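Asks: The residues making up each chain are set out below.
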Amino acid sequence: MIYLILAYEFFKIGLFSIGGGMATLPFLMDLTNKYDWFTASELTNMVAISESTPGPVGINMATYAGYNAAGVPGAIVATLALTAPALIIIVLIAKFLENFSENKNVKAAFYGIRPAVAALIGYAVWELLKIAIVSVTDGNVQVNVINVSVCAVTFALLQVKKLGKLHPLVWIAAGACVGIALRM
Amino acid sequence: MRTKKLAELYISFFKIGGLTFGGGLAMLPMLQREVVQKHGWCTEEELLDIYAIGQCTPGIIAVNTATYVGYKQAGFIGGVSGTLGMVSPSLIIICLIASILQNFIHMPVVLHALAGIRIVVCALMLNTVVSMMKKGIIDKLGALVFLIAFILACFTPVPTALVIVLAGAAGIIAKRIERRRNA
Chain A
705 MIYLILAYEF FKIGLFSIGG GMATLPFLMD LTNKYDWFTA SELTNMVAIS ESTPGPVGIN
765 MATYAGYNAA GVPGAIVATL ALTAPALIII VLIAKFLENF SENKNVKAAF YGIRPAVAAL
825 IGYAVWELLK IAIVSVTDGN VQVNVINVSV CAVTFALLQV KKLGKLHPLV WIAAGACVGI
885 ALRM
Chain B
398 MRTKKLAELY ISFFKIGGLT FGGGLAMLPM LQREVVQKHG WCTEEELLDI YAIGQCTPGI
458 IAVNTATYVG YKQAGFIGGV SGTLGMVSPS LIIICLIASI LQNFIHMPVV LHALAGIRIV
518 VCALMLNTVV SMMKKGIIDK LGALVFLIAF ILACFTPVPT ALVIVLAGAA GIIAKRIERR
578 RNA
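Heads up: the protein sequence lines correspond to chains A and B, in order. Using my numbering, you'd call the opening residue of the first sequence number 705 and step up by one each time. Using my numbering, you'd call the opening residue of the second sequence number 398 and step up by one each time.
Hints are not guaranteed to be accurate.
Covered stretches of chain B, as calculated for chain A (at least 3 residues, CB under 8 Å) [to be verified]: (1) 456-470; (2) 483-494; (3) 500-513; (4) 518-525.
Note that these hints are calculated values from the structure, not bench results. Please read all numbers here as calculations on a predicted model, not as lab measurements. Ideal Cβ positions, reconstructed from N, Cα and C, are used throughout, including at glycine.
Given the sequences, and given the hints that come with them, work out the whole structure.
Replies: See the structure below:
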């Protein structure tokens with residue numbers, strides 16, 4: 705039964721996530737509210753691992769999410785379901801539509817979709833950020849100053865042209881070192 | 398002959414999926430080498446066209462490319478072969494890492510490392526959002542769509558998929574009005 709739900713949810717994600725791997729993030733965020741497959745904090749771990757392993761980030765995240773939900777079979781179901789809509793749509797386009805990306809309605813739709821995708825991902829990142837920077841001790845929610853500083857410094861360093869071009873893997877490795885050094 | 402072609406498609410895209418980090422544009426050099434130079438499955442121009450299509454259709458761009466090239470070479474089954482090749486390395490690698498991580502997740506050093514990683518990943522994601530905003534919000538209407546989508550996501554239970562559909566419709570309507578005004 706869980707495989708059917710996984711297939712349905714990831715087919716939907718494949719159908720509506722437009723504009724690269726990170727576009728699946730808001731949908732995965734929705735899943736944390738709907739099912740107990742993984743928590744928002746685990747989702748951030750999944751992003752980190754997906755960014756630092758080979759393969760498309762969107763596929764890696766779906767595989768990881770499926771694995772967390774129902775083991776290896778879950779991973780396979782989620783990944784295949786994610787790719788199914790694209791498989792159907794691309795074959796249809798290849799067969800029937802010449803110059804699809806030049807079509808004026810397609811262009812106009814994307815003119816609207818691009819800022820919306822940025823907003824949806826922005827919201828999901830904001831939610832993950834909130835979880836990453838607060839710490840709960842004895843039921844008290846407190847903003848963790850160290851975490852905020854590390855995040856701000858990283859973001860500032862990313863704006864430096866040469867550093868911004870470094871592979872995410874380098875940043876993630878640095879994050880692991882900082883985390884161990886500061887006992888975060 | 399056909400089986401050989403299907404195997405070639407699977408193996409080529411397996412290599413591309415297994416040896417590139419990040420998907421999307423990061424895959425382009427590897428695609429050029431395997432698909433254009435080595436096998437001659439399509440020309441450089443076609444590859445860029447496929448990329449353009451991949452960016453304006455649902456799904457993961459890398460998978461869309463694998464599907465398209467595979468389909469052009471060997472029909473629907475070819476598309477399936479290319480796609481399966483592309484996702485196979487992810488399935489193997491991620492399942493391995495996830496199962497290994499489960500055994501180590503309770504060690505303090507792993508917890509500290511993951512906590513540090515999560516913060517850095519948040520900064521990386523924030524950076525992605527900023528560059529997507531720069532590329533996506535090119536005029537007043539773009540800013541309006543961004544704002545409305547953000548508010549809908551924050552304060553209403555409107556499904557994410559519906560926000561995407563509405564934004565696409567808004568884009569089409571806005572361009573129609575613009576054309577009519579200019580006509």
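Asks: Now tell me if each hint is right for this structure.
Replies: Hint by hint, here is what the structure shows:
no. : hint    : verdict
1   : 456-470 : holds (count 10)
2   : 483-494 : holds (count 9)
3   : 500-513 : holds (count 6)
4   : 518-525 : holds (count 8)
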